[in-house]
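In order, the protein sequence lines correspond to chains Y and S.
According to full-length UniProt numbering, the first sequence is numbered sequentially starting from 1.
According to full-length UniProt numbering, the second sequence is numbered sequentially starting from 1.
I should point out that these hints are in silico values taken from the structure, not numbers from a laboratory.
Identical copies carry no separate label here, and so any pair may be met within one copy or between two of them.
Dumping the calculated BS3-like pairs for lysine-lysine here, alpha-carbon to alpha-carbon at most 27 Å: (1) 252 <-> 219; (2) 53 <-> 249; (3) 53 <-> 190; (4) 281 <-> 53.
Number of protein chains: 2
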Amino acid sequence: MTGRSTMVGIVMAATMGLGTDAALAQQQPPLSAADSDPVKMGWMIGSPPPADKLIQFSNGSHFSFPQTRWSFANFRRFLPTSNVWRGDGAASPLPRAERSDIDAVTFQPLGQSGTMTWAESLAANYTDAIVVFHRGKIVYERYFGVMSPHATHIAMSVTKSFFGTLGATLVAEGKLDEKALVSQYIPELKDTAYGDATVRQVLDMTVGVKYSENYADPKAEIFDHVRAGGLVPRPPGYSGPTSFYGFLKTLKKEGQHGEAFAYKTVNSDVLGWLIRRGSGKTVGELLSERIWQKLGMEQDAYMLIDSEGTEFAGGGLNATVRDLARFGEMMRLDGAYNGQQIVPKAVVDDIRNGGRKSDFEKAGYKTLPGWSYRDMWWVSHNEHGAFMARGVNGQAIYVDSKAEMVIARFGSHPLAANAYNDPTTLPAFDALARHLMQ
Amino acid sequence: MTGRSTMVGIVMAATMGLGTDAALAQQQPPLSAADSDPVKMGWMIGSPPPADKLIQFSNGSHFSFPQTRWSFANFRRFLPTSNVWRGDGAASPLPRAERSDIDAVTFQPLGQSGTMTWAESLAANYTDAIVVFHRGKIVYERYFGVMSPHATHIAMSVTKSFFGTLGATLVAEGKLDEKALVSQYIPELKDTAYGDATVRQVLDMTVGVKYSENYADPKAEIFDHVRAGGLVPRPPGYSGPTSFYGFLKTLKKEGQHGEAFAYKTVNSDVLGWLIRRGSGKTVGELLSERIWQKLGMEQDAYMLIDSEGTEFAGGGLNATVRDLARFGEMMRLDGAYNGQQIVPKAVVDDIRNGGRKSDFEKAGYKTLPGWSYRDMWWVSHNEHGAFMARGVNGQAIYVDSKAEMVIARFGSHPLAANAYNDPTTLPAFDALARHLMQ
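Chain Y extracted, bound-state conformation:
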């Protein structure tokens, strides 16, 4: 494998979060969180920054660890974007009731015999920003590296849960029919894998589509996807699709629909297209009108867009960690927040109830036994009924209604797949929930 394809492989791992075993094998043991601190490393300092401190799109370093510890907070500096306006109103208040006992909470990491403290888990997970709400108040808030309360960070696939929620809302409003075929709304996809898939199958990712996320295979469709969207540089002479929609039109059916959960980012881009057709708005416009303006978000967010202006519904949201937590808090409160019913309670109930566990089990996620997937949320079915938005490299919104707790976290873990941070994330979140309930 050439240096170029190694870089691209790591880029792919970082982008899509699958197949990171191979990426791991290619890398030296990664720098620790402390040693990869982006301020300490001096990324982009200087006028101009020296060559070895420069992060650029053209060589893909914006998607390479440890540069990602800086770039994940600065994606608009590399790519075209659209604004997600927060509106003109005051931010919704965030009462504070900070607790000093949280750092000492202990838990047992998955698959390990010893224990770890909450404070230790932050470094283990390369946490960039984290906020914990308990009963609607901030009980814990930390920022690392280049992050701060007003700094935005890429949410990766946490993005999907925002649009899954909005998609399900459009279904509840009758603007999309979950039983209808995708091709009813998007005739352009009639001859693709999505021609005979339903809206519901897209929302739950049970579509049979030939789309490999095995980045070790240079012919995997995942390469075509991110190149088409312009998230990584295209090689000279590139002649493939130059937009997300253009790429979606190339997808072929493989297997049957509705039989198994298969996490493929293209489903979220198809959902974005469905939302566009069902609402008459782009996903970014709808996100502003339905969520950002109504929740009283503190800062504008933004979306990565392609050469046709289409937002990357599969992973292109950039926002502050507090605003992510506000969204989680709205979900905890059955869709109500800031004095309004933002999302129908029935939609939140449907997400809480989850999808079919038997569908999910076929995907073989070792760190998520007994979980399911619904409306682009990950549902634990644990004793607390917790559900999550999950994005590669450690992005998360964790809603534990029984504990009246919401956690929002940004990270820049060197390994993309959350299987690498789940062992020090999931038991930590659960231990904190139990601690707060005491």
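We have chain Y; now place chain S onto it with these hints.
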């Protein structure tokens, strides 16, 4: 001239605003403001937009009229950007005292025998957004096409006046010495035209530098400048500089410094570099800390940046028209606004007093007789002592202290040079000032 170079020629005209006679000769008579309304033309509508409604960076259409009527309000959708944060506070209040008599104000366009109304001048100038403050209250506010109170628009060279003001402020604070050579702060420029130019000469654009803005000449340095900064696509096999700083290092001396005003955008990029070295902040950071946060701006602004993250100090600011007007109002009020002294009064006084008229006269601006240039502001020396920030295609901040009036305007005139809109702009602004004084 090939189609490509024609396009690039027009792009250059739109970018830098000089030599538009040639662009004019190349074009059919441009569409009127009504006929080029971007909503009516349907730019970027659809999922995806049809090919003939698509505006893209790759073919330069983001810089071509009539697409500019849409793209000037959407530059972040084409290029990497950095945020100019407004802070967390409430926006400074803008009291309203709207007047219905303004549209009927008449004036005589320069070089014409008839009269025109204020309302007619808006269409004549392809106005996208305009706001008029009188005695600190909004007396007039209009939006056209895709603009709205919260929408941002590229300010083009109005950007320069923000950084001229900040540069002069750093001089007043002793952080930059106006008599020092540029090379004292930027050794990298020692062997360029700027090696023996002073900070003051840069601020007033009296530097002798071989830099042609004649876009009809395919070898003009202006092409190298915008290609280096990444504002327009680079041809295959491009091997020139890939950053603003990289380009500045190529500039050679031509003539003497300090003898004549010569409007060259590179001076503003050198000023940006000086600000970076003098303040330790990027120009965008300083603009946020010193202006955006302190004035209580309504919306975040943003800067276009190059591949090294350097903001385009010569023309890369994007902001709302109200926030531009707030800056103008602060200048009218001798640097005080929102309960604070934002810019030293001595700096505003120095700008009001202007530069040497004899230096300015050598540049031969037919629509600006008796004017001068100081700290990157255009000073009229008229009876009211009005001074202006001016950007190509009709961007303007007009400060008339005697009339207690400030006008901020965004436009997307098909012809870049303000000489094409000055005849229906300058007498209109002056007539409105006199009307408001009645």
